[in-house]
Amino acid sequence: MSKKKKKHFFREKLPTRPCPITNAGIEEIDFKDVELLKMFITEKGKIIPRRISGLNARSQKRLTRAIKQARNIALLSFAEGYVAQDEAQE
Amino acid sequence: MVIDAALTEEESQVVIDKHKEVITSTDGVIKFESSWGRRRLAYEVQKMKSGIYHMFYLEGDGNTIEEMERQFGYDDQVIKFFAITVDDLEKAYNKFETLKADPQKTANLVSESLGA
Chain L
234 MSKKKKKHFF REKLPTRPCP ITNAGIEEID FKDVELLKMF ITEKGKIIPR RISGLNARSQ
294 KRLTRAIKQA RNIALLSFAE GYVAQDEAQE
Chain H
374 MVIDAALTEE ESQVVIDKHK EVITSTDGVI KFESSWGRRR LAYEVQKMKS GIYHMFYLEG
434 DGNTIEEMER QFGYDDQVIK FFAITVDDLE KAYNKFETLK ADPQKTANLV SESLGA
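Top to bottom, those sequences are chains L and H.
Heads up: the first sequence begins at 234 in this note's numbering, then just goes up one per residue.
Heads up: the second sequence begins at 374 in this note's numbering, then just goes up one per residue.
Rather than coming from a laboratory, the hints here were simulated on the basis of the structure.
Each residue gets a CB set at the ideal place from its N, CA and C atoms; glycine is no exception.
Incorrect hints may have been included.
Estimated spans, in silico, between C-beta atoms of each pair [what the hints assert, rightly or not]:
1. P248(L) x G446(H): 48 to 56 Å
2. G446(H) x T275(L): 32 to 40 Å
3. K473(H) x F243(L): 48 to 56 Å
4. F405(H) x K301(L): 23 to 31 Å
5. F311(L) x N467(H): 26 to 34 Å
Here are the simulated PhoX-like cross-link-like pairs (lysine-lysine), alpha carbons at most 20 Å apart as the crow flies [stated by the list, open to error]:
6. K271(L) x K473(H)
7. K301(L) x K279(L)
8. K271(L) x K468(H)
9. K271(L) x K294(L)
10. K301(L) x K453(H)
When you get a sec, could you build the whole thing from the sequences and use the hints?
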């Protein structure tokens with residue numbers, strides 16, 4: 234009877250990738266920059282989590298704030314993501 | 374702020390001027406202003422589908438902002454508004470002007486850095 238030995242798993246370290254926003258040299262994220270915000274929301278209008286978007290803490294926080302401001306002022310929808318502007322000329 | 378898009382350009386200018394007066398009468402200083410024109414709203418607000426976006430870059434104290442927001446609230450033609458603080462007015466203004474000229478610019482930068 235051997236005692237069950239606890240197995241240790243070592244997760245392979247993933248290669249660290251630089252934050253796409255700081256890497257692109259963008260300091261401040263503006264709520265009016267809808268094209269940028271659009272890249273970090275899903276089709277349903279949700280904010281993509283940091284583990285998937287790969288943003289660093291600072292960028293993600295600023296992005297989140299900008300997205301929420303944009304939603305407030307009807308630049309982004311709460312539920313349906315981004316609305317294309319080409320139909321705007323009514 | 375966002376104004377009702379059903380208004381013509383002249384009518385919307387009247388609304389803008391009215392609120393400019395509110396700001397200046399409470400010791401606020403408008404450094405820059407910028408119009409984004411008619412845009413489709415991402416969701417319907419008071420059954421309106423599009424609005425005219427207009428930005429004020431102003432300097433003022435709490436009274437200015439309070440009075441401005443109260444007047445925005447009274448005005449039926451202003452459908453949405455909010456104020457944020459910025460560190461550098463001129464920088465913010467210039468940034469928005471470049472953004473208006475090329476809305477894809479920052480998005481392209483990010484996708485480039487993602488691809489690289």
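Cross-check of the supplied hints:
Between P248(L) and G446(H) the Cβ separation comes to about 52 Å, which falls inside the hinted range of 48 to 56 Å. Checked against the hint of 32 to 40 Å, the pair G446(H) and T275(L) passes, with Cβ atoms roughly 33 Å apart. In this structure the hint that K473(H) and F243(L) lie 48 to 56 Å apart at CB holds, the actual value being about 51 Å. For F405(H) and K301(L), the Cβ-Cβ distance of about 25 Å falls inside the hinted range of 23 to 31 Å, so the restraint holds.
For the pair F311(L) and N467(H), the beta carbons lie near 31 Å from each other, so the given range of 26 to 34 Å is met. For the proposed pair K271(L) and K473(H), the alpha carbon gap of about 16 Å is at most 20 Å, so the pair holds. Among the hinted pairs, K301(L) with K279(L) is consistent with the structure: their alpha-carbon atoms are about 11 Å apart, no more than 20 Å. In summary, the hint linking K271(L) to K468(H) is supported, as the alpha carbons are separated by about 18 Å, within the 20 Å threshold.
Straight-line distance between C-alpha atoms of K271(L) and K294(L) comes to about 16 Å, which keeps the hinted pair within the 20 Å bound. This hinted pair checks out: K301(L) and K453(H) have alpha carbons roughly 14 Å apart, not beyond 20 Å.
The structure shown violates none of the earlier numbered hints.
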